[in-house]
Structure formats: C-alpha cells, structure tokens
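Protein chains: 2
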Amino acid sequence: MHKSLVSLPTFIKTLPALIFLIAASTVSAAEYFTIEDGELQRPTGYREWVYVGTPVTPDELNDGKAAFPEFHNVYIDPESWAHWKVTGEFREGTILIKELVAVGSKAAVSGNGYFQGDFVGLEATIKSAEYFPNEPGNWAYYSFSTPDLETLTTTAEQMPTASCNSCHDASASDDFVFTQYYPVLRAGKGTGPAATGGVLSSLIMGR
Amino acid sequence: MHKSLVSLPTFIKTLPALIFLIAASTVSAAEYFTIEDGELQRPTGYREWVYVGTPVTPDELNDGKAAFPEFHNVYIDPESWAHWKVTGEFREGTILIKELVAVGSKAAVSGNGYFQGDFVGLEATIKSAEYFPNEPGNWAYYSFSTPDLETLTTTAEQMPTASCNSCHDASASDDFVFTQYYPVLRAGKGTGPAATGGVLSSLIMGR
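For the protein sequence lines, the chains are G and W, in the order given.
Quick note on the UniProt record's numbering: the first sequence kicks off at 1 and runs consecutively.
Quick note on the UniProt record's numbering: the second sequence kicks off at 1 and runs consecutively.
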C-alpha cells in the first residue's frame, strides 16, 4: 500500500487556506482602463470602486495659491484592491483615480472646517510594465480636468514624467503611491478580509 | 384586424428604458445590517461599499475642542446606492457608515492641509420603518467607537434620539442626511448610470 504525502485530516485542515490561494491566483486579469492611439479614454464607474482616502490642501493654508486647492477623493479599481488585500502590492494594470472636489462650505452645524462642494476635475494614474516600460515604477499619469472646472476631456495624453512622477518618487511611501495618506490602503495592505473594515475589534492594524 | 396599443417601432425604441425599469424594480431587498436583541452588530466590509464624501472639522479651527475632530469617511451600502441612483430616495433598510479617521500629517509635498491618519472610530445610521417606526424619518444612530480610539465595540445600542437626530432634522438637506456635504450622493440623486462618475463630460450635474 502506498503512503500519501499528506494525511487526510491534515489535508482537510489546510483546505480553507488552499481554496483561498487558488481563488486568489485564478482571479481574472480584467483591466479597468482603455488606452487607444496612446490616449487614455476617460474612465467611468469609479465612484463604485474602492475609496482609499482624501487629503485637502486649501488655498488659505497655502498663501492663497495652493498647488492643489481641492479635496482629492482617491479610488482604486476593485480587482487591484483585491490583489492589494492579498499581496500588499499594486498589480500590473492597477488604476488609481483622483476625483477633484472643490472646497464648499467652511462652517456647518458640526463645526468649522472643510466640506466637499462640487466636482471640478478628474485625474488618473496607471501602473503597467506593458504600456509604460520606461516610466519609473511603470506608472503613468493623466488629467481629464479643464480650466473651466465644469467639463472633463474625453481622452487624455500621458503627462510628462517629471510633472508628476518626481514628487511621487521622492515622497510617496509605497511604490510611488502616497499610501501614508490613504488609511484604507495602509491598513489593508496584505491583511486579507480584515482590510474591508469592521472585521476586527482592534483599530491598530496599519499604524 | 385588431390594432395594437403601441406600434412595433415605438416599442423597440422604448425597450432600453423598459429593461432598465424592470431591472431596477426587481432588485432584491438585501439588508447590510443585523439587529439582535435590540443591538446593532458591528457592520463589516463597508470599505467596499460606495463612498459618498468626507468632511473634516479639526480642533484648531474650533477653539481646540471640536465636537468632531476627525475626518468622517461616509459610505452607503451598495443596494441602497443602487436605489438612490434610480429613485433619488433612501430606501427602507438604508445603512450609512461613518468611519472616523484622525487628522494625521498637516503638511506634505502637495502643501499644507489635512491628511488622513489612523482609523479611530465607527458610527452608523439606519433608516427602517420596520425597526424604528417612532424615530423621526425612521432613522436610528449607533456608535461603535470607544474612548481609547484603538478598539471598536462588537455591538451598539441605539443612541438617544435627541443626541443625533435633532441636528440632522434641523440642518441636513435630504431626509435627515447631510447630502449637501456628500457630492457623490448630491450629483448621483436619481441620475442613473451617470451617478457612477466619468460618464458625462459635464460636471454641472448636482450643482
């Protein structure tokens, strides 16, 4: 009688982990962007992707002329989020969206501060060795914003590398992404189901 | 020969709208919360729901003692979002999550401002005529936050009506919800697929 390498009870015990690994590795490689003739087509549906964080750097805290006077609501596409949860890495084909939101009200019944007003712009960054083999970290940057703050372009050309990537290279915490300001990414890095919120009683994860 | 009420070409033209209405009305009524023995069980997975907006009312803009010194990242459950997109109303069984995030850094390469630090708390509000027939607007409020800012409770009792609902009643724009500060809800109210972002070139929607 031959002896199996793994006993049946051991096999059963490791089954959930095995299923998880197989499910993670067979995830389809759908991309959430389209590049045609070298231009990124404006992404859609991103408000139903996974939100990762919002910084605000208003004019009055920056001598009246902030480089980025709006709130930046940042999203990651769902499949890259699923990959991030398991591996803690940005997969080939990751797209992050930065939706620009004007500072609206500065006072409410809850106190003085900054409250989100109108949508005023849209930017995106994509990591792809296939499309951007020569960009640092394989990240490229795009803007669909227009000066009137009321319309978006339909397509966007890749921004010059130096205009975005140099700051990201110098200051972003994790693979050119400012994860230090995005608590959902920070706490969720490689933490599996706990990344989705509310699973653990402890909030220490990611500190 | 009998005459049909609608001509075939007219029927074909209205088909997409019909399919949309049928799809919208047959949405299942899944709920994203569990109330047991009068207590709300801590929701999970909300970071994968639909994000609607973030206000911040920091201490230093409120004489050092803000009522809400954190960022508030607000989410709506996916099914209530689907309903909101089509009808512009909060359905029976809507749950909104408010994840509290400490102000972290106040300066970055992008400028001076407010950047999201650590998760420090979790609150929720639910609209249900079934569970809260006597609450104004049928909304009830819950908090899983703890004073140590490092842990969450597993369950939460309903807050006294006056502690939350009075401000919401007096100042919130739409059915006790502060939609005036949540651009995703404001722009998405009853706008169908356009609510998901990037579909239209115009950003005027919801202003």
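Hints were generated in silico from the structure; no laboratory data involved.
It is possible that some hints are incorrect.
Copies of one chain are not kept apart here, so a pair can be met inside one copy or by any two copies together.
Below 30 Å or equal to it, Euclidean Cα-Cα: the simulated DSS-like pairs (lysine-lysine) are [unchecked claim]: (1) LYS106 - LYS65; (2) LYS189 - LYS65; (3) LYS106 - LYS189.
Hint check results:
| no. | hint | result |
| --- | --- | --- |
| 1 | LYS106 - LYS65 | both (17 Å within a copy, 17 Å between copies) |
| 2 | LYS189 - LYS65 | neither (34 Å within a copy, 33 Å between copies) |
| 3 | LYS106 - LYS189 | between (33 Å within a copy, 23 Å between copies) |
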